[in-house]
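Chains as they are written, first to last, in the working numbering: chain A, 4 to 287; chain B, 4 to 287.
Quick caveat, the hints were computed from the structure, so don't treat them as lab data.
A portion of the hints provided could be inaccurate.
For identical chains, the list gives no copy identity; a pair is met inside one copy or between any two copies.
[Unchecked claim] Simulated crosslink set (EDC-like; lysine to aspartate or glutamate; CA at most 16 Å straight-line):
(1) Lys130 with Asp220
(2) Lys259 with Glu237
(3) Lys259 with Glu104
There are 2 protein chains.
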Amino acid sequence: MLPQLTILAPGLLGASVARAVRARHVAQRIVIWSRRAETRLALTGQPWCDAVADTPEAAVTGSSLVVIASPVDHIVPLIRQIASHLPTGAIVTDVGSVKEEITRLGTAALGAHAHFVGAHPMAGSEKTGWEHGTAELFQGRTCFVTPLTNTAPAATASVLKFWGDLGANTTVVEPARHDEIVAHISHLPQVLASTLCAFLAQRDPAWCDFAGGGLRDTTRIAGSDPQLWRTILEQNRTEVLGAIQHYQAELNRFEKALVAEDYSALVEQLQRGQDYRRALRPIS
Amino acid sequence: MLPQLTILAPGLLGASVARAVRARHVAQRIVIWSRRAETRLALTGQPWCDAVADTPEAAVTGSSLVVIASPVDHIVPLIRQIASHLPTGAIVTDVGSVKEEITRLGTAALGAHAHFVGAHPMAGSEKTGWEHGTAELFQGRTCFVTPLTNTAPAATASVLKFWGDLGANTTVVEPARHDEIVAHISHLPQVLASTLCAFLAQRDPAWCDFAGGGLRDTTRIAGSDPQLWRTILEQNRTEVLGAIQHYQAELNRFEKALVAEDYSALVEQLQRGQDYRRALRPIS
Numbered sequence: 004m005l006p007q008l009t010i011l012a013p014g015l016l017g018a019s020v021a022r023a024v025r026a027r028h029v030a031q032r033i034v035i036w037s038r039r040a041e042t043r044l045a046l047t048g049q050p051w052c053d054a055v056a057d058t059p060e061a062a063v064t065g066s067s068l069v070v071i072a073s074p075v076d077h078i079v080p081l082i083r084q085i086a087s088h089l090p091t092g093a094i095v096t097d098v099g100s101v102k103e104e105i106t107r108l109g110t111a112a113l114g115a116h117a118h119f120v121g122a123h124p125m126a127g128s129e130k131t132g133w134e135h136g137t138a139e140l141f142q143g144r145t146c147f148v149t150p151l152t153n154t155a156p157a158a159t160a161s162v163l164k165f166w167g168d169l170g171a172n173t174t175v176v177e178p179a180r181h182d183e184i185v186a187h188i189s190h191l192p193q194v195l196a197s198t199l200c201a202f203l204a205q206r207d208p209a210w211c212d213f214a215g216g217g218l219r220d221t222t223r224i225a226g227s228d229p230q231l232w233r234t235i236l237e238q239n240r241t242e243v244l245g246a247i248q249h250y251q252a253e254l255n256r257f258e259k260a261l262v263a264e265d266y267s268a269l270v271e272q273l274q275r276g277q278d279y280r281r282a283l284r285p286i287s
Numbered sequence: 004m005l006p007q008l009t010i011l012a013p014g015l016l017g018a019s020v021a022r023a024v025r026a027r028h029v030a031q032r033i034v035i036w037s038r039r040a041e042t043r044l045a046l047t048g049q050p051w052c053d054a055v056a057d058t059p060e061a062a063v064t065g066s067s068l069v070v071i072a073s074p075v076d077h078i079v080p081l082i083r084q085i086a087s088h089l090p091t092g093a094i095v096t097d098v099g100s101v102k103e104e105i106t107r108l109g110t111a112a113l114g115a116h117a118h119f120v121g122a123h124p125m126a127g128s129e130k131t132g133w134e135h136g137t138a139e140l141f142q143g144r145t146c147f148v149t150p151l152t153n154t155a156p157a158a159t160a161s162v163l164k165f166w167g168d169l170g171a172n173t174t175v176v177e178p179a180r181h182d183e184i185v186a187h188i189s190h191l192p193q194v195l196a197s198t199l200c201a202f203l204a205q206r207d208p209a210w211c212d213f214a215g216g217g218l219r220d221t222t223r224i225a226g227s228d229p230q231l232w233r234t235i236l237e238q239n240r241t242e243v244l245g246a247i248q249h250y251q252a253e254l255n256r257f258e259k260a261l262v263a264e265d266y267s268a269l270v271e272q273l274q275r276g277q278d279y280r281r282a283l284r285p286i287s
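Excised from the complex, chain A in its bound form (with noise of 0.2 Å):
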């Protein structure tokens, strides 16, 4: 067990990270910093936080494992912020959607007296905020993560076996791949959720009261927070918009067959989702 452990920033993933921690015994002394004083206050007292620190720098004090949890954009900054007050040898992660530019910035910010090992857990909701965290968050879902080829070996150990302690499948995989691999299994995804809702929302909105199950689950993710997804597709922009083209390519054939009535062309592609979507695994 970590005798002491860090969560900067916690939002749903934060809390849900501290949660698992605790519910799982992967640290014995959590200590938890969050930017707003009211939510300092609230933190205060739950069962899964042992200290609230009033400062990043303060919070990680004595701590051999930092999780950032904040937005992308928050990230590198907060690893500056923190870089000579950490442990030596000490690890931090964080649970960003993007990993590039965040994995590259955070090495060099931390130089050689500490180490960065960047991680995304595939996991989260449309809801945020540190209340609606779980201790299952994790469990059975993907945690990517992003070691650099000069990242110690024993420092991506770690980080593997923190995850995998939370229940995540740990999947190893190079920062820029895992920025493609995104863009189009999440980002994607996101952005067709999102502008679905945006176009029927300037056709008659009352249509939306007779919505089925289809509808309602294929944008459930378009009730996610608007801020968020402009700083995650603000990193990722290259690759999002790489996988937002070649999608528009594929919905243009689709088009295409339909005005041209080529009805086994268009089933050829419903065919092709239909066996996709098949395969997906389900989670545990």
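Given the structure of chain A, go ahead and fit chain B onto it with the hints provided.
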């Protein structure tokens, strides 16, 4: 309570009608015809099936209400087949996802002898087959009812009462207007889910092992039967094409904003999407 009701060609929806009719005491006797002999055999002895008929004509004899639950391209042929075998004044309804052509041709096929009042319950599943039917499938769901201006008001009232008795929230709408609405809130989401999966299948298919709940929910309906959707898209081609093309403009606007790094325009679209998604009423 109706003395006798007939269900033709039950799949998921037709079997759910039968189960709901039994559970809610809507008819005394339920007669079913299915095209396949093995299904007819399997239906015999189900607690929600009092008699199995070998032909549609035999199945409708003596029934004041007939529910046609076949794929959309079989509905009009079935109406023509049973027309002269219906008791005078009998009412025929259906569950088809497209209504303009079916309502027009179905009404013409029955003439003055009986009444066709089209319906479309917004309930279903990516699963098909009568084995998956449930008595609660229609509970709290929208059911469109699409009479023509010359449909007998008493027949419309009976069909509204019938679907309401099964738990649905009924909404009267013109057939053409219905087809425009579902092109947007049902058929377009299907096209996006299917083409997203078809696209991802052509990238690295192993990526699907990493998928989180977002991709899973967004694409659930892509698991639907391609042949079933082929006929729906064929019958609602013009409206679906219009919805796809207007949606493409919305997606292009998003892409252009990302190319231009115009993040305030992106956030405006994401925000419009979030507002719409939050306005979707929960399903009871």
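| query | Which of the numbered hints are not met once you compare them with the structure shown? | reply | Violated hint (a single one): 3; every other hint is consistent with the structure.
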